[in-house]
Structures are given as structure tokens and as C-alpha cells.
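Taken in order, these protein sequences are the chains called W and G. Once you know that position 232 of the first sequence is 231 in numbering that gives the first Met the number 0, the rest is easy, because the numbers rise by one and skip nothing. Once you know that position 87 of the second sequence is 86 in numbering that gives the first Met the number 0, the rest is easy, because the numbers rise by one and skip nothing.
Fair warning: there could be bad hints in the mix.
Said to hold, decoys possible - 25 Å max Cα-Cα, derived DMTMM-like pairs, lysine to aspartate or glutamate:
| id | chain 1 | residue 1 | chain 2 | residue 2 |
| --- | --- | --- | --- | --- |
| 1 | G | Lys4 | W | Glu84 |
| 2 | G | Lys52 | W | Asp193 |
| 3 | W | Lys196 | G | Asp6 |
| 4 | G | Lys80 | W | Asp193 |
| 5 | G | Lys52 | G | Glu118 |
| 6 | W | Lys196 | G | Glu40 |
| 7 | W | Lys38 | G | Asp38 |
| 8 | G | Lys4 | W | Asp193 |
| 9 | G | Lys26 | W | Asp193 |
| 10 | G | Lys26 | W | Glu118 |
To be clear, the hints were calculated from the coordinates, so they are not data collected in a lab. All of these numbers come straight from a predicted model, not from anything done at the bench.
Next come the chains, spelled out residue by residue.
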Amino acid sequence: MITTMLGALGANTRQLLADWGFAARLFFKLLGMSGAALKRFALVRDQVHFLGNYSLAIITVSGLFVGFVLGLQGYYTLQRYGSAEALGLLVALSLVRELGPVVAALLFAGRAGASLTAEIGLMRAGEQLTALEMMAVDPLQRILAPRFWGGIIALPLLAAVFSAVGILGGYVVGVLLIGVDAGSFWSQMQGGVDVFKDVGNGIIKSVVFGVAVTFIALLQGYVAKPTPEGVASATTRSVVVSSLSVLGLDFILTAMMFSI
Amino acid sequence: MQRSKNDVWVGLFVLLGAVAVLFLALKAANLLTWSFSQDYEVTAKFDNIGGLKPGAAVKSAGVVVGRVKSIAFDGESFQAKVTLALQSEHAFPQDSSLKILTSGLLGEQYLDVSPGADEKNLVAGDKIGSTQSAVILENLISQFLFNQAEKSSEGQKP
Chain W
0 MITTMLGALG
10 ANTRQLLADW
20 GFAARLFFKL
30 LGMSGAALKR
40 FALVRDQVHF
50 LGNYSLAIIT
60 VSGLFVGFVL
70 GLQGYYTLQR
80 YGSAEALGLL
90 VALSLVRELG
100 PVVAALLFAG
110 RAGASLTAEI
120 GLMRAGEQLT
130 ALEMMAVDPL
140 QRILAPRFWG
150 GIIALPLLAA
160 VFSAVGILGG
170 YVVGVLLIGV
180 DAGSFWSQMQ
190 GGVDVFKDVG
200 NGIIKSVVFG
210 VAVTFIALLQ
220 GYVAKPTPEG
230 VASATTRSVV
240 VSSLSVLGLD
250 FILTAMMFSI
Chain G
0 MQRSKNDVWV
10 GLFVLLGAVA
20 VLFLALKAAN
30 LLTWSFSQDY
40 EVTAKFDNIG
50 GLKPGAAVKS
60 AGVVVGRVKS
70 IAFDGESFQA
80 KVTLALQSEH
90 AFPQDSSLKI
100 LTSGLLGEQY
110 LDVSPGADEK
120 NLVAGDKIGS
130 TQSAVILENL
140 ISQFLFNQAE
150 KSSEGQKP
């Protein structure tokens, strides 16, 4: 009884370590292929189109509404302290530092990451990856690497669009609807938001999230069990794991960037 | 490399992202206000800087004329040494004085430059001699309380 439990524990640990090792190996292999992948830029371009352009609608609409809500809630809190002019600063800082990169990455994980996992998982289930190998085409280089780079390019752009649209949303609610002074809305924002410390760090965050989300989606698809259930659970796991790692990474990055 | 109609859409997408980044840098952040104008640096020592931070505005007559570049502690005079970067299109007389003021009741603190009457202007590396420290609320309250206590004790004595 105890020996079987101990044995199962050991086997699970070994399996976990092997999974991590495989993931790390795949990650460095993909990184090593980036030169070759970027040389065939048509493939990357098609992936940017698939991952980026098609996510634009959901990103823009969510950004607009997040900006609306920030405007309303921020005004409600700030006017208690008689500093409603700081609304622009509040909206811009929360979007540029946190909400832009994080919410865009979460939406990207659901919208694009899931479809990447399902696509790769189905390719594996239909043995298309094996077929490519049979034709002496490396599936990592032909299938995974362009998608990896497509995601890394698309997500920072999407996060920037999210933040910009969100600030416009905050402007619409704060200035046009509620009537905060437009001049102080923008000047407080410009006084408090730093190009490198806030905007730059937000872009760095979204690049890191782009790497994490795209890689996890590709990994889950690549190791999916070649059955309908396997692809289904891989898609679920891809969204769950990448969302959680985005939130975890965000905490670490925030602690490193804005701790003082 | 073959061309496809994806080119246009991806190009548009990248352009949109670039416009968003530019918007964030120029309209939401302060890229325009500090990197394109030439600065000259002067230093000043304060007994107490209160809540002044690097990056705070330096204003004269309410108009921004520069930024606080750095704040350090001077171990010899036990004062705060503030380095200001003033925009070079604005020149101030050498005997100008500095005050730490607050914008609004709870707003950020900024430096106010009151121009003096000297013929010579400040140049890079100069020190501004006359400075007025930040108003610390606790000091004000304790001063007020001491005054009240003195008054009441004077009232009781005779």
C-alpha cells in the first residue's frame, strides 16, 4: 500500500520534471529558430494576421469599456477627495501599467491562444506533424516558430491599442459625460505618466506576456493527446495555465519595476 | 517572397499599434515636455524639501520652466541638495529665489522660482542661494498649539 503510494509519488514527480524539461528544451529550440523563422517572414506575417488582426475587435471593444468603467469609478472615488482633475492620471496609469498588458494578455490567451492549441493539437491528432517530418520538413520550424513570433509581435501591439482606446474611453466618460475639465485631464496625465518608467515598462510587460501566452499555447497543443478529448483538455489547460502565468508574471514584473 | 492581400491588413494592424504607442508616448506621457528642449542645470540647498520628488515641475509665475532632476542629501551641511534642469529658453537673474509650494490642497509639490533683480543671469552649475523650505503641516500645528498655550498661560498669570 505505502510502497505503491510512494512509487506513484515518485513517478508523478519524475513525470513533472520531465514535462518541465521538455518545455524548457522546446522553448530554447524555438528561440534558436527565431532567425530562420523571421527570414521566412511571410509565414510570420500570416500568423500576425491570424492572431493580431482577428483579435483587434475584442481588444478594442474591451479596452473602450474598461476605460468607461475606470472613468466612472475613478471619478466616484476622486471627487470625494476633491481631486477629480486627477482622473486622467488615474485612468492612464492604471491602463498603461497594469490593465493594458494584463487584460490584453488574458483576452489574447482566450481568443488566440486557445485557437493555437486546438490547431496544433488537431495537427498532431491528424498526424500532420508526423507527415511533415516524413517529408523532411521540421514541424517546429515550419509550424511552431512562425506562430511563436506572430504571437510575440501581435500582443504588444494589441496591448498598446487597448491602453490607448481605454484612455479615450476614460476621456469620453470623464470629460464629455461627467464634465471634468479637459485641460487638467490631459495635463495631470502628462505630468504623472513617464515615457520610460510607465509606458516603456508596460510594453516590456506585454512582450513578456506575449512570449508566455504563445509558448504555453504552442506547448499544450504540441504535447496534446492525439484524441478528441486530448485536444479538448489541452485547449482548456492552455487557457487556464497561460492566464494564471500571466497574473503570476505580472506580480513579479510589477514588484521588479514599480517597487520603489 | 510572394505578396498577398494579408500584407495590407497586417500593415494596417502594425500601423494601428504604432499609432497607439505614439499616442501613449506623446499624448498620455511626457515625452514632448522634456526630451526635445535644451536644459541647463542649477543646484539649490533646502533645509527641508517636504514631499518634493525628482521629476516635479519647476514653475515661474505658474508656468512650467523646468523639472527637478535629482534630490540628494548633503552630509556636510545636513541639507537637501536639489538639482534643477531649467529650459534654456528661460533665463533667470542670479539672485532669484526658490520656494517649495503645493498645487491645490492635496496636490503635488513643485518649485516656484521668483526672479530677482540682478543684471547677471543664472548659468549652468550655479547655486541658488535663497531658498524657502516646504511647509510641514505638523510644524505648523505644533507652532499654533504652542502659541495658544503661551497665550492661555499669559492670560492666567496676572
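Hints, verified against the model:
1. At most 25 Å may separate the alpha-carbon atoms for a hinted pair to count; Lys4 of chain G and Glu84 of chain W exceed this at roughly 46 Å.
2. This hinted pair checks out: Lys52 of chain G and Asp193 of chain W have alpha carbons roughly 13 Å apart, not beyond 25 Å.
3. In summary, the hint linking Lys196 of chain W to Asp6 of chain G is not supported, as the alpha carbons are separated by about 33 Å, beyond the 25 Å threshold.
4. Proposed proximity of Lys80 of chain G and Asp193 of chain W is supported: the alpha carbons are some 23 Å apart, at most 25 Å.
5. As the CA atoms of Lys52 of chain G and Glu118 of chain G are separated by approximately 31 Å, the hinted pair breaks the 25 Å bound.
6. For the suggested pair Lys196 of chain W and Glu40 of chain G, the alpha carbons sit about 22 Å apart, so the restraint of at most 25 Å is met.
7. A hinted pair counts as satisfied when its Cα atoms are at most 25 Å apart, and Lys38 of chain W with Asp38 of chain G does not qualify at roughly 44 Å.
8. At most 25 Å may separate the alpha-carbon atoms for a hinted pair to count; Lys4 of chain G and Asp193 of chain W exceed this at roughly 38 Å.
9. A C-alpha spacing of about 11 Å is found between Lys26 of chain G and Asp193 of chain W, which places the hinted pair at or below 25 Å, so the restraint holds.
10. With a C-alpha separation of about 40 Å, the suggested pairing of Lys26 of chain G with Glu118 of chain W is violated against the 25 Å cut-off.
Hint compliance for this structure: hints 1, 3, 5, 7, 8, 10 are broken, all remaining hints hold.
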